[in-house]
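K.L.:
With chain R held as given, fit chain B onto it using these hints.
Next come the chains, spelled out residue by residue.
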Amino acid sequence: MATQTAVLAKRTITIDPITRLEGHGRIEIFLDDAGRVERAFFQVPELRGFEKFVQGRQAEDMPQITSRICGVCPMAHHMASTKALDGLYQTPPPPAARKIRELVYHTFMTEDHALHFYFLGGPDFVVGPQAPAAERNILGVIARVGKETAGRVIAMRRKLRELVAIAAGKAIHPVFGVPGGVAKALNAEQAGQFRTVAEEAVEFARFSLGIFDKVVLSNSAYVDLICSDAFTHKTYYMGMVDDRNRVAFYDGALRVVTPDGRECARFRPEQYADYIQEHAEPWTYMKFCHLKTPGWNGLVDGPESGIYSVAPLARLNASEGMATPLAQEAYQRYFATLGGKPVHHTLANHWARLIEMLYAAERMRELAADPEIADPTVRTIPTHAPREGIGVVEAPRGTLIHHYQSDQRGLITKATLIVATQHNAGRIALSVEKAARSLISGPVVDEGVLNMVEMAFRAYDPCLGCATHALPGSIPLAVRVRGRDGGVVATLRRDADGSVHRD
Amino acid sequence: MEACTETECAVRLLGLGNELLADDAFGILVAREVERRQALWGRQAQRAPRLPTGFRGRRPCFARVDRRKRLSHLAPTPRAEVVCSSASGFHLLDQILGASRLIVVDTLATPATRASVPGTIHVFRAGAQACGAGASACQPGSAAAPHFVGLFDVLAVAASLALPAPREVTVIGVEAADCVTVGGEMHPDVRAAVGKAAEIAEAMLAPPPFFGGDGKCPARFAETAP
Numbered sequence: 001m002a003t004q005t006a007v008l009a010k011r012t013i014t015i016d017p018i019t020r021l022e023g024h025g026r027i028e029i030f031l032d033d034a035g036r037v038e039r040a041f042f043q044v045p046e047l048r049g050f051e052k053f054v055q056g057r058q059a060e061d062m063p064q065i066t067s068r069i070c071g072v073c074p075m076a077h078h079m080a081s082t083k084a085l086d087g088l089y090q091t092p093p094p095p096a097a098r099k100i101r102e103l104v105y106h107t108f109m110t111e112d113h114a115l116h117f118y119f120l121g122g123p124d125f126v127v128g129p130q131a132p133a134a135e136r137n138i139l140g141v142i143a144r145v146g147k148e149t150a151g152r153v154i155a156m157r158r159k160l161r162e163l164v165a166i167a168a169g170k171a172i173h174p175v176f177g178v179p180g181g182v183a184k185a186l187n188a189e190q191a192g193q194f195r196t197v198a199e200e201a202v203e204f205a206r207f208s209l210g211i212f213d214k215v216v217l218s219n220s221a222y223v224d225l226i227c228s229d230a231f232t233h234k235t236y237y238m239g240m241v242d243d244r245n246r247v248a249f250y251d252g253a254l255r256v257v258t259p260d261g262r263e264c265a266r267f268r269p270e271q272y273a274d275y276i277q278e279h280a281e282p283w284t285y286m287k288f289c290h291l292k293t294p295g296w297n298g299l300v301d302g303p304e305s306g307i308y309s310v311a312p313l314a315r316l317n318a319s320e321g322m323a324t325p326l327a328q329e330a331y332q333r334y335f336a337t338l339g340g341k342p343v344h345h346t347l348a349n350h351w352a353r354l355i356e357m358l359y360a361a362e363r364m365r366e367l368a369a370d371p372e373i374a375d376p377t378v379r380t381i382p383t384h385a386p387r388e389g390i391g392v393v394e395a396p397r398g399t400l401i402h403h404y405q406s407d408q409r410g411l412i413t414k415a416t417l418i419v420a421t422q423h424n425a426g427r428i429a430l431s432v433e434k435a436a437r438s439l440i441s442g443p444v445v446d447e448g449v450l451n452m453v454e455m456a457f458r459a460y461d462p463c464l465g466c467a468t469h470a471l472p473g474s475i476p477l478a479v480r481v482r483g484r485d486g487g488v489v490a491t492l493r494r495d496a497d498g499s500v501h502r503d
Numbered sequence: 001m002e003a004c005t006e007t008e009c010a011v012r013l014l015g016l017g018n019e020l021l022a023d024d025a026f027g028i029l030v031a032r033e034v035e036r037r038q039a040l041w042g043r044q045a046q047r048a049p050r051l052p053t054g055f056r057g058r059r060p061c062f063a064r065v066d067r068r069k070r071l072s073h074l075a076p077t078p079r080a081e082v083v084c085s086s087a088s089g090f091h092l093l094d095q096i097l098g099a100s101r102l103i104v105v106d107t108l109a110t111p112a113t114r115a116s117v118p119g120t121i122h123v124f125r126a127g128a129q130a131c132g133a134g135a136s137a138c139q140p141g142s143a144a145a146p147h148f149v150g151l152f153d154v155l156a157v158a159a160s161l162a163l164p165a166p167r168e169v170t171v172i173g174v175e176a177a178d179c180v181t182v183g184g185e186m187h188p189d190v191r192a193a194v195g196k197a198a199e200i201a202e203a204m205l206a207p208p209p210f211f212g213g214d215g216k217c218p219a220r221f222a223e224t225a226p
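Residue numbers (the working numbering), protein chains in the order written: chain R, 1 to 503; chain B, 1 to 226.
No lab work stands behind these hints: they were computed from the structure. None of these values were measured; they are calculated from a predicted model. Ideal Cβ placement from N, Cα and C applies to all residues, glycine included. Treat the hints with care, as some may be off.
Label-pair ranges, simulated between beta-carbon atoms [to be verified]:
{"no.": "1", "chain 1": "B", "residue 1": "R32", "chain 2": "R", "residue 2": "A34", "range": "57 to 63 Å"}
{"no.": "2", "chain 1": "R", "residue 1": "V500", "chain 2": "B", "residue 2": "R167", "range": "29 to 35 Å"}
{"no.": "3", "chain 1": "R", "residue 1": "D407", "chain 2": "B", "residue 2": "R32", "range": "30 to 36 Å"}
The following block holds chain R by itself, in its conformation from the complex:
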């Protein structure tokens, strides 16, 4: 590996090649002359080789291939990929197929958001950030919300996934997306099953918001934490909206708002490359997505910096409302409580997620009751030669873009994936830097850094390629502190089993 050169505040630092600790997220911290944190970068090991792997493959296989990359959110990839095929073959789906896709997708969103809140984002709130680390996990959440509620989440999840399996073939790796439609129609009886579970899901979403109210919002310490400066960044926000600028997950326009909440861009997803680009910093492996206007201005927030974020917090900020009544009520209450739009507090993602869950359940109910969903015409056979297609959906954690180019035979010549973590890369780096600045002075690195970073991290839920099936524990993280000349002065490493090592 070649040495890399970094230009940092008019000093040139040469960084020796670093052996990557496989499976560890990595934080690089640069100190200034006075020993204060000048810069901090968070780097996550990425999936490698995807773009090469898919070259020469059948485009029609992409929904199956891409859904296998991630074992946690295959449905999101499957859907974005299917939409990209619609574009590739210039064949939009008939109305019933579009509704089936939307129904299945909202079922998936309901399940994913519920799971994340109760078992994953939950620990920070439901148990409390001051609780001992041993309790701040799934079991601690179960102890707080009670076994009955936890059991309800599990049961709800199973029902939702069974529905997905009915319509999409399998819950874990859906197979129903084809260019121009879906592989299978729904009959009236199946639509009825969706309707029944949707009713339950709406009730459950309301119940969950009630829990959030009771456990989090009524506790001033938690509210202070949510609103604390350490977890606040004033960036741009992007999300998908419908024709009335209400939050949309399956299809719509992408809307971007400034840090003070004004719309600054609204475009069809196919035009994303005119608005978003990646910025490569010479001393880090990770590329940062940013807005072309105002452009890259370094790892800072504010209106002059093109850093933006996606996911529930961003989607609510970038929209003007929710398309279903109960969710709209919750949306209004959310902004009223947090002081208006936009909300810049990263931890509010968890609240926004619950509002989205309610919307997803209500929308599921609407679609399942639509008589057109049982129409047998669910596919338009493509007739055009394939060329290029872009498919965009809102995955649970943010905007997901699939972009394919193929030859005349439908073999992929180029494929690009932009996942939520990439959109959020800049903002995640800001969170890390803020945590580092507030906790590090001089070469001593505190374990508190890891905890602070983890809390912000949880709200973004970055994807490490889901491959590590590591032995249990926390996020494996390696923190490296460099002095003025770029040489390493201290390292702190937490492995997957939770053990902490100073090297």
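P.N.:
The following block gives chain B in isolation, referenced to the frame of chain R:
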């Protein structure tokens, strides 16, 4: 493959992995190898050679013993099943419920301080009751995000909610070199470990011949701490 219900399934071999991601195909390859071997035994049990005729062309009397009983130790345990899955995070729950004994095959990432090389196989127990490998290895983590929920977190949830989780879980794990390259090649030592891991798994699945045990991990496969 149909998952068996709580009343039907005594032991399940669960091969976890992702065939697209280089070494991470390991668990799936091991499960398939075990399936292949079990099918082979099944065919051999049906085609077992007839005993030679004895005096005056009659078969010895013991030949009239039911063939199925004699050869049952060679056939797959009727209440065992082999499952391959790419499930990750909480979706692992669907794969573990309904078996009273679970054997998981997967890739492992162990801390760099321990002397591990790609292809090294670790076998250890997990779960609330038996945790011979050391407490820290088997406690649920602080599951930082959905993408970090692991097997042990899911087991802990199942146990705490009194779901039909396995009462005994054994993990057969291999040290992997690369689980992040899409379409990447398996490390040769990891690939070579597939056969060995399949052997270990098979021994756990089938009751030992003539002893009628319930297929606990044979002592000769030492349980090493990860």
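K.L.:
All hints are to be evaluated individually against the structure, with a verdict given for each.
P.N.:
Against the structure, the hints come out as follows:
Distance hint check for B:R32 and R:A34: the Cβ-Cβ separation is about 60 Å, which falls inside the suggested range of 57 to 63 Å. The hinted range of 29 to 35 Å is satisfied by R:V500 and B:R167, whose Cβ atoms lie roughly 33 Å apart. Under the hint 30 to 36 Å, the C-beta atoms of R:D407 and B:R32, about 34 Å apart, fit the expected range.
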